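A.B. asks: If you want the building blocks of each chain, they are given just below.
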Amino acid sequence: MSRGRALTAVGVCILVALVGVIIALAAPSAPSAEQRARDVAESLRCPTCVAESVADSQAPVAIAMRALIDDRVHRGDSPDQILSWFRRQYGEGILLDPGASGIGILFWVIPVAIVIVAALGAAGRRRWRLATFLGAAAAALILIPLLTPGESPAVVAEEDQVDGIDLLTSAAEAHPGDLDLRRGLADALASAGRSDEAADEYAAAYRLDPGDRRIALDYAGALITSGRADEALPVLESAHARYPDDAAVLLLLGTLLDDRGSPRGDDLLRRYLELEPESALRDAVETRLVAPGPPASSGTESG
Amino acid sequence: MIRDAATRWEDDGLRVLGINFRDNATTARAFVDSAGLTFPSIVDADGSLSVEWGITGIPQSFVVDADGVIVARRIGPITAEWIDSDVRPVVVAPR
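Respectively, the protein sequence lines represent chains S and U. Take 177 as the starting number for the first sequence in our numbering and just add one per residue. Take 44 as the starting number for the second sequence in our numbering and just add one per residue.
Since the hints were made in silico from the structure, they are not lab data. Predicted model, so just to flag it, every value in this text is computed and none were measured. Using N, Cα and C, we set each Cβ at its ideal position, and we do this for glycine too. It is possible that part of the hints are untrue.
[To be verified] With beta-carbon atoms standing in for the labels, derived distance ranges:
#1 S:HIS351 / U:GLU124: 22 to 32 Å
#2 U:ILE85 / S:ALA456: 49 to 59 Å
#3 S:ALA417 / U:ALA88: 28 to 38 Å
[As the list claims (entries may be wrong)] According to the in silico footprint, chain S covers these stretches of chain U (three or more CB under 8 Å from chain S):
#4 70-77
#5 111-124
Next up, chain S with everything else stripped away, as it sits in the complex (with noise of 0.2 Å):
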């Protein structure tokens, strides 16, 4: 190499070096301990509260939670490893903003799937009064991700559905106690019309954590799409037990005692227009109401 280049080649290294020492004095300080703990805890969701972050509950689990980021964070896990930790640990839904892709995809696309897999049962069943009632009430389900800023519903190939569905029965296989694999894999059959094999995959979820609300309803709804409406009454019957004011619960467990002739039917839809004067099936539930009681075989379809 001769003298000059040798010289610009030194050049170049200093230049760079210059370069490398200005970014670096640049950029802003790397945050302390304290605020990336802080930041893992504001990106989670206590499990035990509503709507309300690790960082701020002062619920047992959360102050547990929060210990754990801090010995985590000290112990040199990047503020990403603790969030896969604990997205492995309690499922996506421990994410306050589970992403659009991935499974968290199917936070956004499931409460759009069930309205229509509702939408196939009136068509398939010519139950059209029960499964337009099944739609409103997934459509209440799904005014909670819709009404969640800075995201917004995703739309699935049906080929990447269907990979999606065998991906999530290998994994629910081999996890069979993963509450939100079961429930993942249930949604993505329901989204698919393959609402029998939902149902039991609703069950199954049902089993793990039968006090979750969505799940109850969820199940009920698969049940009912999948013409096995009796099976559904025990568990709406269950959740409106926990959940006595849920207009959800009560939509569906009144329009299916109703259906069934039971004058206990027509309170709870009562109840319902209580709790949801402004609900835009008022009218239709009203109709149901005035109207006299159905055969009592609910084997009886019309055209």
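Position chain U against the provided structure of chain S, taking the given hints into account.
C.D. replies: Same frame as chain S, but now just chain U:
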């Protein structure tokens, strides 16, 4: 109820372990004595062990199969129906 199940299916391999969430040894021992628990219990003073199990409320029960996989969980008090539907099939092999 869980104590009865532990005794009834001990020969079938059922092992019950209690975890005292965010408790100290003294009060945990007092609780174990007052409740007449005969299975072993451990103290999870800072709650980190319970979080590693993925608890979402207290009390919470987990059923772990022979392969170490959590196959069922229950939030809230244990019932005879839950033991029958979720614990018994794991412990007692179908005949």
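A.B. asks: All the hints need checking, so say for each whether the structure fits it.
C.D. replies: Evaluated hints:
no., hint, result
1, S:HIS351 / U:GLU124: 22 to 32 Å, "holds, 25 Å"
2, U:ILE85 / S:ALA456: 49 to 59 Å, "holds, 53 Å"
3, S:ALA417 / U:ALA88: 28 to 38 Å, "holds, 35 Å"
4, 70-77, "violated (count 0)"
5, 111-124, "holds (count 8)"
Hint compliance for this structure: hint 4 alone is broken.
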